[in-house]
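Protein chains: 2
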Amino acid sequence: VTLNSFQTSGNSPGLSRCRVGLLGFGTVGAVLARRLTASDFLLPLQLTHICDRRAREKRGRQPDVLANLVWTDRFDDLLTSDTDIIIEAVSATEPAFEHIRAALLSGKSIVTVNKQVVAHHGPGLMSLAERQGRQFRYEGAVGGAMPIVRVLGDGMAGERVRAIDAILSGSSNAVLSRMDEAACSMDDAVAEACAHGYSDADPSADLDGLDAATKLAILCGVGFRLKVLPAQIDTRGTSHLRPENFRAAKLRAGTIRQVAHADYDRERGVLTAWVAPIFVPGTSVFGGMTGPQNAAIIAGEYAGDIVVTGQGAGADATAVAAIGDLVAIARDRAAIVPAPIFKEPKTIVGLADDKIAEAV
Amino acid sequence: VTLNSFQTSGNSPGLSRCRVGLLGFGTVGAVLARRLTASDFLLPLQLTHICDRRAREKRGRQPDVLANLVWTDRFDDLLTSDTDIIIEAVSATEPAFEHIRAALLSGKSIVTVNKQVVAHHGPGLMSLAERQGRQFRYEGAVGGAMPIVRVLGDGMAGERVRAIDAILSGSSNAVLSRMDEAACSMDDAVAEACAHGYSDADPSADLDGLDAATKLAILCGVGFRLKVLPAQIDTRGTSHLRPENFRAAKLRAGTIRQVAHADYDRERGVLTAWVAPIFVPGTSVFGGMTGPQNAAIIAGEYAGDIVVTGQGAGADATAVAAIGDLVAIARDRAAIVPAPIFKEPKTIVGLADDKIAEAV
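From first to last, the protein sequence lines stand for chains A and B. Position 167 of the first sequence, counted from 1, bears residue number 167 in my numbering, the numbering being contiguous throughout. Position 64 of the second sequence, counted from 1, bears residue number 64 in my numbering, the numbering being contiguous throughout.
Among the clues, some could well be false.
[What the hints assert, rightly or not] In silico SDA-like pairs for lysine to any residue, Cα to Cα no more than 25 angstroms straight-line: (1) B:K343 to A:V70; (2) A:K227 to B:G287; (3) A:K343 to B:D77; (4) B:K227 to A:S204; (5) A:K343 to B:A38; (6) A:K250 to B:T283; (7) B:K343 to A:G269; (8) A:K343 to B:G282; (9) B:K250 to B:D188; (10) B:K250 to A:L251; (11) B:K227 to B:H196; (12) B:K227 to A:G287; (13) B:K250 to A:G287; (14) A:K343 to B:L42; (15) A:K227 to B:D332; (16) A:K250 to B:S39; (17) A:K227 to B:Y302; (18) B:K343 to A:K250; (19) A:K250 to B:K58; (20) B:K343 to B:E267; (21) B:K227 to A:F41; (22) A:K250 to B:P281; (23) B:K227 to B:K250; (24) B:K343 to B:R266; (25) A:K343 to B:E267; (26) B:K343 to A:R17; (27) A:K58 to B:H49; (28) B:K343 to A:K58; (29) A:K343 to B:P281; (30) A:K343 to B:S39; (31) A:K227 to B:S81.
For the record, the hints were derived by calculation from the structure and aren't laboratory data.
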């Protein structure tokens with residue numbers, strides 16, 4: 001069984017295996033560890049170390065192939081190890097920032113799935129990675145398996161991006177699409193999303209739009225080279241939605257989705273950015289997104305819209321993105337990825353008054 | 001005015017401008033040349049040479065910014081020039097293959113938009129590029145501005161691809177969607193597509209499915225690491241379609257699109273691959289594609305479907321893809337991209353008998 005990816009013709013200096021250390025053995029970390037140690041995993045990546053606060057307890061419950069790796073509860077052990085790349089799969093901003101910083105300074109490349117650390121510290125960490133001759137990759141921090149960072153940052157490098165519209169919270173989309181399909185209350189829809197693993201027991205950050213705003217802040221960096229903090233983005237919650245809102249939307253041949261929007265007027269330096277539940281036509285890209293799917297419509301000046309969709313929540317989806325990042329680093333360990341120069345927008349505006357009618 | 005892309009923080013060795021030579025000043029080449037020399041083009045790429053059989057005649061019609069570059073009708077002048085990258089924008093297989101080979105041997109990296117040369121010679125050219133320590137990139141050869149090569153090759157490197165379904169011929173899609181919307185004959189729809197620049201005056205290779213089969217062969221390489229030639233793909237033409245076929249499809253709440261399909265059974269070594277006009281529901285991704293749009297649905301084992309769509313025909317769309325490739329090379333000129341090991345499928349099968357009913 002071969003994977004879709006990476007076997008070299010034998011001449012590459014990257015043929016030797018990249019040694020990988022995993023920081024955080026939670027939901028995503030466990031899936032990553034299982035995939036990286038599966039017998040059919042032929043990529044030139046070797047998981048060697050796992051660092052988790054509860055390493056001792058968790059190790060005991062693992063099969064041999066995992067239990068036989070080096071486990072530790074001390075991050076310093078990872079720093080001084082012979083690993084080439086550290087995957088950071090812890091969800092909080094702190095101490096992830098300090099960990100990533102220390103790892104880059106120790107000569108490790110970094111793959112993170114942590115949206116908080118990218119949104120709050122991304123530009124500085126990218127510069128540090130460049131100075132260190134190492135890489136800092138974060139596809140898994142936004143959009144789950146939807147490869148939006150690559151599409152926007154690499155695939156559209158020859159385009160001038162005008163606007164980004166996106167569904168970025170898999171759990172919010174699972175809840176809203178469930179309310180639409182089952183005509184149920186938000187509480188019931190949340191319970192359903194939890195049962196599928198698309199949502200935490202407390203999905204309030206997702207439903208409030210903070211999750212999507214954090215990811216939108218990251219995409220403003222990738223697409224517009226702007227330094228924007230999540231708190232600067234106008235964010236409207238969805239928790240007030242009732243089944244009758246969906247019935248009303250259906251009468252208008254549509255439904256309600258939590259959409260994140262950003263457009264940037266380069267001449268005037270004005271960024272418009274907001275996250276809000278809005279009416280979307282049933283036949284639109286967003287209207288067709290059900291369950292934990294994410295979608296992004298990126299409007300370019302030269303070639304029009306690029307659309308990308310994919311599973312936006314769940315550990316399997318996030319692991320696909322993170323392994324893609326690992327492969328990118330392993331393919332060319334000597335690559336120096338230049339850090340972009342980020343600017344701050346002069347003005348940030350939110351949802352315009354005349355658009356609030358569209359917001360539900 | 002800044003572009004979505006590439007300014008370094010100043011520490012990168014890639015800060016100096018990459019010198020670019022353009023081979024072929026046709027429709028795509030002319031758009032590329034204009035964009036690369038536009039006053040607001042801030043990428044670290046400098047177009048210095050243009051090679052075209054009719055260089056003398058074409059140069060005279062250009063504005064100063066283009067006419068003042070080095071023009072030549074001798075490819076050897078490009079080979080011996082101080083360019084770092086050559087963009088190959090000639091549409092025929094020969095002599096493009098010999099040109100690309102010679103350029104790689106002369107130490108140039110290559111960006112091509114030529115589907116024929118990638119489909120017929122891609123694996124060999126990728127190996128040669130790796131041996132030479134140079135790059136061979138071809139995003140513009142498939143899907144226009146839709147970044148399918150990056151999504152499938154890089155973004156899904158951590159996924160196991162099961163199947164690819166795609167609309168890959170922008171001009172066929174423009175013709176079929178026009179027949180659907182205007183209830184017109186194929187001749188009228190072809191004339192309309194030509195008027196918009198989405199189709200050649202003779203779109204028979206597109207309508208016959210050869211164009212899509214060529215691109216599907218390339219995607220079988222990217223997604224499954226299989227060496228497949230376009231002629232090995234079961235290809236059904238669309239030229240027999242009449243307005244009544246679209247009326248019948250509409251009665252079934254759908255329409256007709258030219259779809260390319262490939263799936264690979266890794267255990268048995270069986271590749272199923274075909275291009276055919278098939279019925280698609282109006283609410284499906286493919287049913288929503290109008291004009292020269294392309295779309296791809298890539299089914300993965302771990303994270304389900306990834307969908308990507310974008311403008312699939314026209315010089316502007318192709319130029320966006322090619323400039324993205326130039327930027328990728330300029331970002332890290334020293335990168336060595338390992339060439340994949342391609343296998344041949346044991347068996348290649350076409351459209352199954354029981355599926356032919358779906359084909360129109």
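Cross-check of the supplied hints:
Distance restraint check for B:K343 and A:V70: the Cα-Cα separation of roughly 36 angstroms exceeds the 25 angstroms cut-off, and the hinted pair is therefore not satisfied. Restraint check for A:K227 and B:G287: not satisfied, since their Cα atoms lie roughly 38 angstroms apart, outside the 25 angstroms limit. Proposed proximity of A:K343 and B:D77 is contradicted: the alpha carbons are some 41 angstroms apart, above 25 angstroms. Only pairs whose Cα atoms come within 25 angstroms are accepted, and B:K227 paired with A:S204 is rejected, the gap being roughly 49 angstroms.
For the proposed pair A:K343 and B:A38, the alpha carbon gap of about 23 angstroms is at most 25 angstroms, so the pair holds. Between A:K250 and B:T283, the direct Cα distance comes to roughly 16 angstroms. Compliance with the 25 angstroms bound is thereby established for this hinted pair. Under the criterion of a C-alpha separation no larger than 25 angstroms, the hint pairing B:K343 with A:G269 is inconsistent with the structure, at around 51 angstroms. The hinted pair formed by A:K343 and B:G282 fails the criterion: a straight-line CA distance of about 43 angstroms is larger than 25 angstroms.
Distance restraint check for B:K250 and B:D188: the Cα-Cα separation of roughly 20 angstroms lies within the 25 angstroms cut-off, and the hinted pair is therefore satisfied. Proposed proximity of B:K250 and A:L251 is supported: the alpha carbons are some 23 angstroms apart, at most 25 angstroms. Distance restraint check for B:K227 and B:H196: the Cα-Cα separation of roughly 35 angstroms exceeds the 25 angstroms cut-off, and the hinted pair is therefore not satisfied. Restraint check for B:K227 and A:G287: the C-alpha separation of about 38 angstroms exceeds 25 angstroms, so the hint is violated.
Between B:K250 and A:G287 the alpha-carbon distance is near 21 angstroms, which keeps this suggested pair within the 25 angstroms criterion. At most 25 angstroms may separate the alpha-carbon atoms for a hinted pair to count; A:K343 and B:L42 meet this at roughly 15 angstroms. Simply put, A:K227 and B:D332 have alpha-carbon atoms about 24 angstroms apart, close enough for the 25 angstroms limit, and the pair holds. For the hint pairing A:K250 with B:S39, the CA-to-CA distance comes to about 49 angstroms; that exceeds 25 angstroms, so the pair is violated.
Distance restraint check for A:K227 and B:Y302: the Cα-Cα separation of roughly 33 angstroms exceeds the 25 angstroms cut-off, and the hinted pair is therefore not satisfied. Proposed proximity of B:K343 and A:K250 is contradicted: the alpha carbons are some 50 angstroms apart, above 25 angstroms. In summary, the hint linking A:K250 to B:K58 is not supported, as the alpha carbons are separated by about 57 angstroms, beyond the 25 angstroms threshold. Between B:K343 and B:E267 the alpha-carbon distance is near 13 angstroms, which keeps this suggested pair within the 25 angstroms criterion.
Between B:K227 and A:F41 the alpha-carbon distance is near 22 angstroms, which keeps this suggested pair within the 25 angstroms criterion. Under the criterion of a C-alpha separation no larger than 25 angstroms, the hint pairing A:K250 with B:P281 is consistent with the structure, at around 20 angstroms. Pair hint B:K227 plus B:K250 does not hold up; C-alpha atoms about 38 angstroms apart against a cutoff of 25 angstroms. With a C-alpha separation of about 11 angstroms, the suggested pair B:K343 and B:R266 falls inside the 25 angstroms cut-off, and the hint holds.
In summary, the hint linking A:K343 to B:E267 is not supported, as the alpha carbons are separated by about 51 angstroms, beyond the 25 angstroms threshold. Pair hint B:K343 plus A:R17 holds up; C-alpha atoms about 22 angstroms apart against a cutoff of 25 angstroms. At roughly 61 angstroms between alpha-carbon atoms, A:K58 and B:H49 are farther apart than 25 angstroms, so this suggested pair is violated. Distance hint between B:K343 and A:K58 is unfulfilled; the C-alpha atoms sit about 41 angstroms from each other, more than 25 angstroms.
The suggested pairing of A:K343 with B:P281 is violated, with an alpha-carbon distance near 45 angstroms, which exceeds 25 angstroms. The straight-line distance between the Cα atoms of A:K343 and B:S39 is roughly 21 angstroms, inside the 25 angstroms bound, and the hint therefore holds. The suggested pairing of A:K227 with B:S81 is violated, with an alpha-carbon distance near 40 angstroms, which exceeds 25 angstroms.
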